[in-house]
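Q: Listed in order, the protein sequences are those of chains A and B. Letter 437 of the first sequence, counting from 1, is numbered 445 in my numbering, and no numbers are missing. Letter 24 of the second sequence, counting from 1, is numbered 32 in my numbering, and no numbers are missing.
No wet-lab data here; the hints were simulated from the structure. Just so it is clear, the structure is predicted and the values come from calculations on it, not from any experiment. Do not rely on the hints blindly, as some may be mistaken.
It does not matter which identical chain is used: a pair holds within one copy or between any two.
Said to hold, decoys possible - Listed next, the in silico SDA-like pairs over lysine to any residue satisfying Cα-Cα at most 25 Å (straight line):
#, residue 1, residue 2
1, K252, G350
2, K352, V114
3, K252, V138
4, K352, E116
5, K388, T399
6, K388, L286
7, K352, P115
8, K316, T394
9, K388, E281
10, K129, I48
11, K352, Q379
12, K252, S211
13, K100, E208
14, K100, D175
15, K252, D480
16, K129, V464
17, K129, P151
18, K352, T245
19, K129, A216
20, K252, A313
21, K252, V349
22, K352, A395
23, K129, Q146
24, K388, R284
25, K252, A351
2 protein chains.
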Amino acid sequence: MLAPLLALGLATGVAAAPAAADFERVVQANLPEFLELLAIPNVASEPADIRRNAAFLEVALERRGFSVQQLDNPARRPLVFAEMRSTRPDAKTVLFYIHFDGQPVVPEEWAQASPFVPVVKQRVGESWQVVPTARLQQLPLDPELRVFARAASDDKAPIVMVLNAIDLLRERGATPAQHIKLLLDSEEEMSSPSLAGVAERHSALLTADALVILDGPEHASGRPTVVFGNRGIAQATLTVYGPKAPLHSGHYGNYAPNPAIRLAQLLAGMKDEDGRVLVAGYYDGVRLDDSERAKLARTPDDEPALRKRIGIAQADRVGATYQEALQYPSLNVRGLASASVGAKAANVVPSEAVAELDFRTTPETDGAHLQDLVQAHIEKQGYHVTAGPPTDDERARYPRLASFVRGPVQRAVRTPDDAPLSRWAIAALSAPQVAAGVEPVRIRMMGGTLPTDVLVDALGLPFVMVCTVNADNNQHARDENMRLGNFVSGTRAIHALLTTPLD
Amino acid sequence: MLAPLLALGLATGVAAAPAAADFERVVQANLPEFLELLAIPNVASEPADIRRNAAFLEVALERRGFSVQQLDNPARRPLVFAEMRSTRPDAKTVLFYIHFDGQPVVPEEWAQASPFVPVVKQRVGESWQVVPTARLQQLPLDPELRVFARAASDDKAPIVMVLNAIDLLRERGATPAQHIKLLLDSEEEMSSPSLAGVAERHSALLTADALVILDGPEHASGRPTVVFGNRGIAQATLTVYGPKAPLHSGHYGNYAPNPAIRLAQLLAGMKDEDGRVLVAGYYDGVRLDDSERAKLARTPDDEPALRKRIGIAQADRVGATYQEALQYPSLNVRGLASASVGAKAANVVPSEAVAELDFRTTPETDGAHLQDLVQAHIEKQGYHVTAGPPTDDERARYPRLASFVRGPVQRAVRTPDDAPLSRWAIAALSAPQVAAGVEPVRIRMMGGTLPTDVLVDALGLPFVMVCTVNADNNQHARDENMRLGNFVSGTRAIHALLTTPLD
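Kindly produce the complete structure, drawing on both the sequences and the hints.
A: Written as structure tokens, this is what we have:
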């Protein structure tokens with residue numbers, strides 16, 4: 009499968025570096041392909057959609073000379089693997105991990121017809137105005153235009169940035185500085201349930217010297233960003249049970265215990281007024297010494313601007329700074345429901361109240377352990393905890409009933425910032441073609457989660473993460489978007505990673 | 009319009025009382041008409057549906073010799089007024105109030121195709137089994153069959169019970185003991201916004217000596233039930249604001265305050281672990297002396313059975329008994345929402361969290377006053393309270409932001425249990441044809457709310473309420489139902505009210 013690559017002229021070695029205008033041109037040329045990719049729905053709960061994405065990506069990569077194969081999994085949501093060899097005699101192998109699935113959507117919340125019909129917008133004052141898609145065909149590119157769609161930034165854009173960088177190499181007849189392997193995940197937003205199995209079955213295929221993850225937003229300063237670690241995640245669903253069926257709030261109010269109030273009391277006791285977790289033992293093991301704090305303080309966060317952008321007057325006080333806060337595990341209510349609100353609300357004592365929780369973890373605080381601590385906290389408040397809806401017998405015996413259903417756990421991982429791989433990534437992102445004279449932002453541990461634990465455990469690889477998309481991209485939420493300026497700067501960064509030799 | 013009534017033979021005076029079998033027969037004969045009525049959707053947010061109900065009722069009442077007219081309101085949800093004169097020389101006039109609108113529905117929660125396609129079921133073990141509708145045509149009626157549909161018990165069944173009682177009078181050529189006026193409300197479940205205006209515009213039409221409300225479940229003991237008062241209600245929507253848009257829970261967890269946690273903390277502080285309201289001043293003015301407590305203790309509540317039926321091991325401890333609990337105002341969370349739960353849940357810090365609240369009031373605790381107290385409580389927790397979503401300026405200035413939107417208020421009303429009207433109702437319900445040798449249950453103040461305040465204020469009438477439907481009817485919730493045995497006993501009770509002279 010590799011012979012065609014050589015025939016395509018990638019074997020001619022070093023060529024002139026691309027000029028600034030070349031990056032814009034290649035981004036512009038590939039934007040229609042990006043829009044086509046965004047138009048394929050990619051929520052992993054629909055395997056047929058995932059297969060359509062995989063087929064599209066296979067074609068796009070093969071056209072650029074990659075050797076491609078789909079790595080299927082039990083849920084028939086195939087991952088995509090692609091490989092391209094360098095002709096450099098002592099070339100190392102770098103495995104790039106990106107994902108093409110997206111977070112679930114609530115289409116009616118979006119300010120456009122569908123999250124899977126991409127729309128181009130520009131900011132006008134405080135609001136976003138739709139502009140014709142044809143504006144994407146005008147050079148020079150307007151860096152402030154944005155493409156709105158699910159997965160625009162998380163995480164389809166980095167895939168297309170790799171295509172851009174390869175196109176730039178190919179048109180100059182240059183070889184990449186290392187052998188390139190791409191692993192495009194299909195289930196990242198559902199915690200990659202099959203990644204460990206796929207990595208095990210295809211361990212020979214995935215052999216490499218280093219792992220580079222392309223995901224996550226760049227630092228808000230707009231500087232090239234490299235990340236040495238990420239928090240893990242664990243989820244749980246907490247349901248508090250009230251009466252067996254919703255009851256008339258007049259005839260039963262003051263008598264039938266209200267599960268929404270009780271859920272509120274349980275949740276309220278889990279955090280203090282400043283957002284610090286009160287569950288016993290939750291922060292145990294996390295320690296930041298002065299040297300770590302000093303490194304964290306070098307991150308050029310503009311916290312007043314950050315608070316203004318997200319619309320809050322005061323942040324939670326888990327850490328002294330934003331970066332410090334991310335070094336601790338979090339306890340987040342990601343959804344809440346009991347009976348109905350709005351026009352459908354009825355005067356009832358609800359029968360149950362549900363809180364969806366996620367716990368972001370650190371290398372010191374394992375997710376399963378945090379789930380244990382939270383369940384112990386619930387039990388300490390006098391609750392009998394069941395695995396699902398209580399039986400009549402349990403209803404008769406226990407005054408307080410809740411179920412606590414655990415979700416999957418992903419481990420946090422952190423690479424030392426002075427490892428060879430870390431130094432290589434810093435060097436590449438410091439190259440003049442990426443950002444003249446600007447030091448990359450180094451993030452000790454980012455707040456979000458990637459399935460680095462599975463890859464690191466299965467492949468025994470050191471890893472770094474390079475972040476390219478705009479910080480205000482609304483990822484995981486409605487109106488996710490990708491800024492064109494970041495498409496260009498991200499392509500520069502990835503091109504540098506492909507052309508700076510890893511020793 | 010009254011001449012035809014006389015021609016129909018209602019002027020012939022006293023006739024033999026109906027036999028036990030007559031009640032069953034008339035109920036059975038009118039069940040198809042009941043099912044037709046239930047098949048007309050009746051959520052007041054759809055005025056066209058309300059008009060279809062009104063048209064149906066107009067026909068049904070005219071066919072029985074009532075003089076009928078629709079009393080329209082600004083929302084084009086007409087009420088129905090009907091009148092029938094007694095030929096008794098010294099007859100008083102009794103105004104019966106019933107409502108034909110129903111609570112909002114969430115169709116997918118119902119264990120049947122639609123809340124407006126009535127289904128007949130019987131209990132088999134712990135579950136409900138659908139039986140052919142034709143079973144309603146078999147005599148003797150199976151009292152344990154139930155008709156499932158929205159408004160089956162709340163409050164369309166009492167309308168049909170009146171039709172049944174009139175049919176029994178007419179077939180025996182008897183006159184009612186009092187002039188009958190019927191006022192069928194179209195907006196009760198939305199707190200009857202137009203009732204005061206209608207009562208004012210038609211005050212002459214509605215003139216009467218007493219008001220009898222037919223609504224609400226009978227006592228769980230299955231004994232005839234008369235109620236001398238009802239709690240009022242006030243509503244409010246409490247929204248706590250977090251970041252401007254939902255944020256990635258990894259990148260912002262521990263930094264962006266979570267509005268769901270904050271709403272939980274606000275709600276948790278409103279009630280103690282036993283369900284007693286902690287909002288300062290909430291219970292002020294409510295006092296139960298020993299004589300009142302003794303009367304309340306005579307209500308034959310089987311609280312262990314009640315708790316078993318609703319599926320709780322322990323009740324809230326607002327009062328020492330169920331009846332005592334209802335003499336206090338309540339604070340109920342009737343709905344809760346933040347972001348999404350279940351398959352649509354995403355890993356976000358939500359942008360807002362909403363609680364729908366209802367406050368059941370007593371004559372001592374006015375609804376607007378309770379709204380004031382709750383808002384003051386929220387402000388005391390450090391919240392800046394807005395009338396709606398906060399502006400950017402408010403977001404920048406206030407660390408804690410919530411809106412508190414007040415809903416309409418209905419006053420609680422209570423009639424002394426030794427008033428002449430109260431004694432008449434007790435006498436009628438004690439008649440042998442209703443319940444031989446069984447004393448009716450007397451309820452000082454029921455937990456639910458009826459627009460008695462508007463009627464009592466507008467018409468200056470004393471009132472009592474007579475409750476006939478099964479206590480376990482799921483009113484206001486999914487799977488609302490009406491038990492056939494109650495259709496028969498309710499028809500007996502209403503027949504007694506029409507034939508026992510009010511002095």
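Q: Hint by hint, note whether the structure agrees.
A: Evaluated hints:
For a Cα distance limit of 25 Å, the shortest separation of K252 from G350 qualifies both inside one copy, at 23 Å, and across copies, at 20 Å. In this assembly of identical chains, the alpha carbons of K352 and V114 lie at most 25 Å apart whether taken from the same copy (18 Å) or from different copies (7 Å). When the C-alpha separation of K252 and V138 is checked against a cutoff of 25 Å, the pair qualifies only between copies, where the shortest distance is 21 Å, while the shortest distance within a copy is 49 Å. For a Cα distance limit of 25 Å, the shortest separation of K352 from E116 qualifies both inside one copy, at 17 Å, and across copies, at 13 Å.
Taking the closest pair of Cα atoms, K388 and T399 come within 25 Å of each other only inside a single copy of the chain (21 Å); across copies the shortest separation is 41 Å, beyond that limit. For the identical chains of this complex, K388 and L286 are neighbours both inside a copy (13 Å) and across copies (22 Å), given an alpha-carbon limit of 25 Å. For the identical chains of this complex, K352 and P115 are neighbours both inside a copy (19 Å) and across copies (11 Å), given an alpha-carbon limit of 25 Å. Taking CA atoms no more than 25 Å apart as the test, K316 paired with T394 passes between copies only; the shortest distance there is 19 Å, against 42 Å inside one copy.
Taking the shortest alpha-carbon separations for K388 and E281, both the intra-copy value of 20 Å and the inter-copy value of 14 Å come in at or below 25 Å. In this assembly of identical chains, the alpha carbons of K129 and I48 lie at most 25 Å apart only when taken from the same copy (20 Å versus 46 Å across copies). In this homomeric assembly, K352 and Q379 come within 25 Å of each other (Cα to Cα) only across copies, at 21 Å, whereas the closest approach inside a single copy is 34 Å. Taking identical chains as interchangeable, the C-alpha atoms of K252 and S211 are never at most 25 Å apart, the minima being 51 Å within one chain and 44 Å between chains.
Taking the shortest alpha-carbon separations for K100 and E208, only the intra-copy value of 22 Å comes in at or below 25 Å, while the best inter-copy value is 89 Å. Taking the shortest Cα distances, K100 and D175 sit within 25 Å of each other inside one copy (21 Å), while across copies they are farther apart (95 Å). With identical chains, the CA atoms of K252 and D480 are at most 25 Å apart between copies only, with a shortest distance of 12 Å across copies and 44 Å within one. Proximity of K129 and V464 under a CA criterion of 25 Å is satisfied in neither setting, with 39 Å inside one chain copy and 58 Å between copies.
Proximity of K129 and P151 under a CA criterion of 25 Å is satisfied intra-copy only: 12 Å inside one chain copy versus 65 Å between copies. Proximity of K352 to T245 under the C-alpha cut-off of 25 Å is found in both arrangements, the shortest distances being 24 Å within a copy and 13 Å between copies. In this homomeric assembly, K129 and A216 never come within 25 Å of each other (Cα to Cα): the closest approach is 40 Å inside a single copy and 66 Å across copies. Taking the closest pair of Cα atoms, K252 and A313 come within 25 Å of each other only across two copies (14 Å); inside a single copy the shortest separation is 48 Å, beyond that limit.
For the identical chains of this complex, K252 and V349 are neighbours both inside a copy (20 Å) and across copies (20 Å), given an alpha-carbon limit of 25 Å. When the C-alpha separation of K352 and A395 is checked against a cutoff of 25 Å, the pair qualifies only between copies, where the shortest distance is 21 Å, while the shortest distance within a copy is 29 Å. For a Cα distance limit of 25 Å, the shortest separation of K129 from Q146 inside one copy, 14 Å, qualifies, whereas the shortest one across copies, 68 Å, does not. Taking the shortest alpha-carbon separations for K388 and R284, both the intra-copy value of 19 Å and the inter-copy value of 21 Å come in at or below 25 Å.
For the homomeric pair K252 and A351, the shortest alpha-carbon distances inside one copy (24 Å) and between copies (23 Å) are both at most 25 Å.
The structure fails to meet hints 12, 16, 19 from the earlier list, while all remaining hints are met.
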